[in-house]
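Undergrad: Single-letter residue listing:
Protein chains: 2
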Amino acid sequence: MSGQNGQAPAELLSANNITALFDSVDAFLFDCDGVIWKGDKLIDGVRQTLDVLRSKGKKLIFVTNNSRRSRRQYAHKFHSLGVSVSEDEMFSSSFAAAMYLKVNNFPQENKVYVIGGEGILEELRQAGYTGLGGPEDGEKRVQLKSNCLFEHDKNVGAVVVGLDPHINYYKLQYGTLCIRENPGCLFIATNRDAVGHLTDLQEWPGAGCMVAAMCASTEKEPIVVGKPSTFMMEILSKK
Amino acid sequence: MSGQNGQAPAELLSANNITALFDSVDAFLFDCDGVIWKGDKLIDGVRQTLDVLRSKGKKLIFVTNNSRRSRRQYAHKFHSLGVSVSEDEMFSSSFAAAMYLKVNNFPQENKVYVIGGEGILEELRQAGYTGLGGPEDGEKRVQLKSNCLFEHDKNVGAVVVGLDPHINYYKLQYGTLCIRENPGCLFIATNRDAVGHLTDLQEWPGAGCMVAAMCASTEKEPIVVGKPSTFMMEILSKK
Chain A
1 MSGQNGQAPA ELLSANNITA LFDSVDAFLF DCDGVIWKGD KLIDGVRQTL
51 DVLRSKGKKL IFVTNNSRRS RRQYAHKFHS LGVSVSEDEM FSSSFAAAMY
101 LKVNNFPQEN KVYVIGGEGI LEELRQAGYT GLGGPEDGEK RVQLKSNCLF
151 EHDKNVGAVV VGLDPHINYY KLQYGTLCIR ENPGCLFIAT NRDAVGHLTD
201 LQEWPGAGCM VAAMCASTEK EPIVVGKPST FMMEILSKK
Chain B
1 MSGQNGQAPA ELLSANNITA LFDSVDAFLF DCDGVIWKGD KLIDGVRQTL
51 DVLRSKGKKL IFVTNNSRRS RRQYAHKFHS LGVSVSEDEM FSSSFAAAMY
101 LKVNNFPQEN KVYVIGGEGI LEELRQAGYT GLGGPEDGEK RVQLKSNCLF
151 EHDKNVGAVV VGLDPHINYY KLQYGTLCIR ENPGCLFIAT NRDAVGHLTD
201 LQEWPGAGCM VAAMCASTEK EPIVVGKPST FMMEILSKK
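Protein chains in written order, with full-length UniProt numbering: chain A, 1 to 239; chain B, 1 to 239.
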């Protein structure tokens, strides 16, 4: 095989060169859903593989588009599955959303409305921001009455949308009003995955489902911080 | 002004020709939300206008993309606002969804899952079909547990999606599984409007919001029966 565009030629992996490749790599990045676990079950061979990599002194990073948990909560999940992973080794789209606000100097006095899980709220808090919504709004209902105005906080300067199993009309209207009516309000999506692996036996509607709903009602497109956008990788490469 | 493509030349309306135009028209089609009413309030001048048209023997048709009510329920709404309109004069996207199934010979033994209001279920019943879901599933919650399978009816042959203020994750997963896993299952949208006029003081996320959510999780595009698709007009022109 010959190299193109000045790159080194591609080479098939074989028993001869795999050790050299392994030795040349300092860090391993892993996806989590469907790679490390399915729902709450560790996938066979994962523990042994990670043990080997750690024994060789490799740096491990666990990247996930799943925004339901914070990095701390993911480290706890690993621990509950018998695998030791630190918060610093986790990189979730919930963290990426908070980082996006931080690197773009989002004002601390502005609030962030969340359609998604507690993980996003926790990462926002850790980054010094005030989050609204999330699980707390899961049981709220709208009043569809004459002369009744649905109010929203005019200080919300960003709406973060991720996978939300407690999605409802209240949250959709709240987020829509913030994006439509608060000047300059950001619309941030953790990711647009069609499905999420919330349990081990089947797939579930992913963050893309809630994000698409918000795109339709706001008639706007979001800033996507998770994969396949490059934002997470850019932040990671700076670590 | 000169005519193009063989059409009669356009003519500005004036005091001289408006009577001739009015006399030449047999039927008047009206939109409802924002034209006849806002939320539960009749718009000024509507009653008088309709009275004049009826006194001149004009045929009236009320067309609405809003699928929350059946034609019977819309006639009742008109009555409650002090305007007499019959079920036969109504043409709603809830009815259009049922008509779509009928003209396409959808089997009576197949069921229809509904993300939307009671109006769709009532129109399905009137057309001889068995609807599932709708308001009944509004308070259902999903179980996100290991070894727990979310079951759906394998006899669902169509999913109808309209504006649903009781949208939740249960309905999104149910509809998604039907479309993804039941062979040939139809995905029908009453319409894709960004907003709905559910109350008089503000706009709310429209059917387009729920439809977009389902498009994202199924990775499929729906058959749209309401405006701006021509299906409703084709059925109307046959009346």
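It is possible that part of the hints are untrue.
[As the list claims (entries may be wrong)] To give an idea of the interface, some chain B residues facing chain A are shown, with a C-beta separation under 8 Å as derived from the structure: (1) Val35; (2) Lys41; (3) Gly45; (4) Val46; (5) Ser146; (6) Asn147; (7) Asn168; (8) Tyr169; (9) Thr176; (10) Gly208; (11) Cys215; (12) Glu221; (13) Ile223; (14) Glu234.
[As the list claims (entries may be wrong)] Once the Cα atoms are required to be at most 30 Å apart in a straight line, the calculated DSS-like pairs of lysine-lysine come out as: (15) A:Lys41 x B:Lys145; (16) A:Lys140 x B:Lys38; (17) B:Lys102 x A:Lys145; (18) A:Lys154 x B:Lys41; (19) A:Lys227 x B:Lys220; (20) B:Lys154 x A:Lys38; (21) B:Lys227 x A:Lys220; (22) B:Lys77 x A:Lys77; (23) A:Lys145 x B:Lys220; (24) B:Lys145 x A:Lys220; (25) B:Lys238 x A:Lys145; (26) A:Lys220 x B:Lys220; (27) B:Lys154 x A:Lys41; (28) A:Lys140 x B:Lys58; (29) A:Lys154 x B:Lys38.
Since the hints were made in silico from the structure, they are not lab data.
Note that this is a predicted model, so its numbers are computed, not measured.
Glycine is no exception: its CB is placed at the ideal position from the N, C-alpha and C atoms.
Undergrad: For which of the previously enumerated hints does the structure constitute a violation, in increasing order of number?
TA: 1, 3, 4, 12, 13, 14, 17, 22, 23, 24, 25, 28
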